[in-house]
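Asks: Listed here are the chains, written in short residue letters.
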Amino acid sequence: MTTLTVALVVGAILFGIGLYGVLSQTNLVMIMMGVEVMLGGAMVNLVAFWRFLHPEAYAGQMFVLIVMTVMALEMAVGFGVGTGRFRAKGSVEMEEAQDLKG
Amino acid sequence: MITLTLIILGPLVAAALILPIRRGVPALALFGAGVSLASALALLSRVAVGARPSAELPGLPGLPLRLTAEPLTAVLAAAAAVVGFSVMVYAVGYMRSEAGLTRFFAGMSFFVAAMQALVLAGDWVLLLAAWELIGFSSYLLIGFWFERPGVGQSATRAFLYTRSADLGLYVAVFVLIAHTGTSEISRTLEVNGAAAVAAGLFLLLAAAGKSAQTPLHGWLLDAMAGPTPVSALLHSATLVAAGAILLIRAFPLLPPAVLVVVGVLGGLTTLVAGATALAQRDLKRLLAASTSSQYGLMLLAIGAGFPVAALFHLLAHAAMKSALFLGAGVFQHARGSTQLADLEGVGRARRLTFFGFVVSGLALAGVPPLSGFWSKDAILAASFSSSYAPLLAPLALAGTLLTGLYVARALRLLWHGEGESEPVSGTRWMGVGFTVLTVLAAVLGLALPPVADLLGIEPPGETLLVVALGLVVALIGLALGWAFPADRLLGPLSGLAGTGFRVGGGFDGLVVRPALAFARALDALDRGIHAGVLAVGSAALAVANASRATDEKGIDGLIVALGRSARRLGNRARTLQTGLVHKELLLAAVGGALVFALLIVGSIGL
Amino acid sequence: MLQAIFTGFFGLAAIWFAVVVFRTSSMVRSALALLFSQAAIGGMFLAMQTEFLGVLQIMMMATEMAIMAIFMVMYMMDPGGLGGMDMTHQKRASQVAGALGALAALAVAFLTGWGPIAGEVRPAEQVYGLGIEIMERSMLIFETAGVTILTAMIAATAIAIKRRGSK
Amino acid sequence: MNAVLAILMLLTGAYLVAVLEDWASTGRLRLAGPITSGLALLGRESIVPRQPDRIFFEVAPPLLLVAALLAAAVLPLSPNLIVADLATGALFVNAALAYVMVALLMAGWGPDGAYAMVGGFRFLGQLIAYSMLIVMPITAVAMRAESLFTTEVVESQAALPNAIYQPVGFVAFFVAAMAVAFLPPLDLPTAPGELAGGVMAEYTGWRLAVMRLARAVLVVTLAAAVSVFYLGGWLGPVLPPWAWSAIKTLLVAATMLLAGRYVPRLRETHVLEWGWKIGIPLALLNIFYVGVLLLVV
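Residue numbers (my numbering), protein chains in the order written: chain A, 1 to 102; chain E, 1 to 606; chain S, 1 to 167; chain W, 1 to 297.
Mixed in with the good hints, there may be bad ones.
As the list claims (entries may be wrong) - Here are the simulated DMTMM-like cross-link-like pairs (lysine to aspartate or glutamate), alpha carbons at most 25 Å apart as the crow flies:
no.: 1; chain 1: S; residue 1: Lys162; chain 2: S; residue 2: Glu64
no.: 2; chain 1: A; residue 1: Lys89; chain 2: A; residue 2: Glu74
no.: 3; chain 1: S; residue 1: Lys91; chain 2: E; residue 2: Glu584
no.: 4; chain 1: S; residue 1: Lys162; chain 2: W; residue 2: Glu273
no.: 5; chain 1: S; residue 1: Lys91; chain 2: A; residue 2: Asp99
no.: 6; chain 1: A; residue 1: Lys89; chain 2: A; residue 2: Asp99
no.: 7; chain 1: S; residue 1: Lys162; chain 2: W; residue 2: Glu268
no.: 8; chain 1: W; residue 1: Lys277; chain 2: S; residue 2: Glu64
no.: 9; chain 1: S; residue 1: Lys162; chain 2: A; residue 2: Glu93
Said to hold, decoys possible - So the derived label-pair ranges between C-beta atoms look like this:
no.: 10; chain 1: S; residue 1: Glu136; chain 2: E; residue 2: Leu562; range: 55 to 61 Å
no.: 11; chain 1: W; residue 1: Asn2; chain 2: S; residue 2: Ile149; range: 35 to 41 Å
no.: 12; chain 1: S; residue 1: Gly131; chain 2: W; residue 2: Val66; range: 28 to 34 Å
no.: 13; chain 1: W; residue 1: Ala114; chain 2: S; residue 2: Glu136; range: 52 to 58 Å
no.: 14; chain 1: S; residue 1: Ile159; chain 2: W; residue 2: Arg28; range: 53 to 59 Å
no.: 15; chain 1: W; residue 1: Ala114; chain 2: A; residue 2: Gly90; range: 19 to 25 Å
Simulated from the structure, these hints should not be mistaken for laboratory data. Every residue gets a Cβ at the ideal spot worked out from N, C-alpha and C, and that includes glycine.
Required output: the full structure, derived from the provided sequences and hints.
Replies: This is how it looks when you write it as structure tokens:
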């Protein structure tokens, strides 16, 4: 069991948990946390790949940095939308957000 | 040049003045005719001296109107002027008791001017115009008593007869101008070959129409419905002469073939018209038929190759026939009608007029000292010496015989029998006119030789045989005419001749009724085509409706069905889009899984 | 081998905290659980000798998750989680999806041949190498990343600002 | 061996800071003050609120202490006296200090008290203000040292201490350090006047003792950080290296505590506003200034 496989297993499990979280939660903030967990899983995989497969190519690390910015960005915009919605409708429960019903 | 124009302008101005002024109308008309006569005689004297005055008026572009005074035209102008003046004098007396004098005298003056223009015309365009004008004025004058029944119709018939014949003149003129490029008559006469033949025949057609030759002579008999001065002037000396004048002037153009046709036509007309005259019961209609017969003789002379003889006879006949008509006018006033039955014994009642009538009748028949004898001899000589003598000579003799017959018949009927006659007013004016013409009829024979040398043409040689033969035939005719009544003479022909030889229903039967029938047939055809087109139209409409129906039901139905199925599909898909965020996230996850699977398959597959 | 053990330890911690995130009814607790889960991931990075990333991850996540805690408190009905309310729906489907996702990733992890395992890289060179990478080859990418974050900040504030007109 | 020495140094530092703080606030120099109050606290009962978030309540004080210690671990007192000379030492300091905020947040939310929660979230607001002001000066310092090793940072100041080399950075870092340790002008989480102890209000007994100790250690660590980054750490002409760093640390700590006496507490909005509108531009300017200096000089 090399560290690589350990890391990949952890990454996969984190991804699964994040996916479960995203699909099961009713609140916008919880869904965003689910996404954060999924991204975390992805980062673990990335670092593992960089460390064990291509340490010479720093693009891997750069990729991780990019994923970090994505996490930050995703949270910022998510909360912006959340605030807008909260101010407009008084709650961010996803069950009530059915305005786009076809 | 001035005298030339004065001949025409005189009566024209008179007619122009009569219409607005409307007072002193006879005086004005006489003044116009007088001026024309004086200037015509002056012109004749100058032409005799050798002058050839001519005038040129601006006409169509490149085709100026010309007036020329050749010996031939000068003589004719003088003759027309003399007859015109004397008839005008007679008319003053004759029309005294009538209404509408202005219309009458204006028409008469206008006619004289148009006739002079025709005679003096130097080019075809002016001649054609004048030709139409005299036709028009004859229509006006014949129709003078238009309120009487049948007068209007006969005026129209006369006009239509001549008009349809005039077309021949038009075509001839076109052919000539097309060939020579100029409308001057003297220059166009050099044309020869096929064009000459065609032009000649068409000219003959026009002349036949105007001079009332065989097929087209019906209108002259009906034209007698007009007043007697009109008949005297137009239908004896001038208008009817236009056809002969035309052929005489165009003689150099006519090739031998055409001459033969002219001769035969002339002879035929002489026989037919003579027989018709013999069978007439109306004095004026008798004289009219004799006119067309005499013109037949003239055409025969032209056909024989001697237009001079025709000219002589034309001049003599003008005087004789107008005198006879004026006499008939007097008798008409005396008995109030021109039927021979009514006029029986009028001659004995009015001895002086009867005497004049007898002199001109005998002159017409060709009794020696009078002018008729000389001109008829010229024609007989011409027919005998022509190249077709065996064909033309008997016709000429027969013509002379018939003339003698109907003259004698007329005299007999006028002399025997009783009838009361009313007093005739205006006899002085009528008498003057009548005597002038009668004297001319008698004396003109002497004037013929100077005219011949004026024209510079040799009259046909008269052998003693021919002269004697002519005289004998004339006397036999007179005797028979006096002795036996007409139906005994004509025998079987009398019925036919009475109606003027309306062969096959005459003009109406031959021309009008078939034309109408043809028109009706055309109308029926047109109506048929119209119905056909309508049928096609409605068929097209039916096809259009059918296609619209199929289009509506078929294609539209299909599209609507397509639309509805798309809508149903859309509805079913709508349930997918719940708007619930978590549902859509689930969809996203499923989508991701699909992509992932594809990638795996792709990578494995590679 | 020690490295595998440490990575596994931190991995377990991360997974445990991730599960706690979605099981607790108290919102702040789940936020901080997420914080510690991300910190554990940072720890894994350190365990895998990528020091700079690990330190960075730990530092970043602290502030992020704290802020998330704030928003949890602001927007959730019962941040304290005292009411014991169940905040989930369509549990069956999401469990299946989560399991499938994990299985797929695991399958890939085990089935593909990853190739040779590389040696160890000293932290100092990592920092130096990453610096060079950022400054030279991926300069453009980082600049765009920077600008993107700026626009995201501006957009988020624009959305969040109270409309002047609205009550 | 190094670790034990470092901890000893820290404890003595903490004791001295406590004395100074007591002296600064009460004006009386009581050397035994800290020890007596510490023993008193240990004696008292440690009360637990009715419905606390037990984990947070229990974890908060130790987490604060650990954060402080971790931050100190990276700072060199003398060329060889350093607990862990990490390649990313400077960054590690900041990472550790970030968990100070986490600890306080937990302390705030744990006891389920109004004042505590407000205090905790106030400190989060304060963090948003000061976190940039810590990272950017450290970046400038690292630029000069061309490495993140704290030892190399100190050696890079051999010619000229950073305080003089990049004064703006020094001032910004100094203020941010006071903010991290929530010292008087910026002591929003434990504002005595408003929040009655705020975050520390609910704690009694040994937990309070640990909190106070943690805070003292935090102040010492920050002072050491300031001296290491800007005053040249152990560099000094005569005295041995450890003496110099001790003196500098104490001096910085003293100034931090004294500054608090003369400046009224700032309001939350002012802290944020000045932090972002004045602090960050100055820090960026400082980085630019250092960059130019390095390339040009």
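Asks: Are any of the numbered hints broken by this structure? If so, which, sorted upward?
Replies: none
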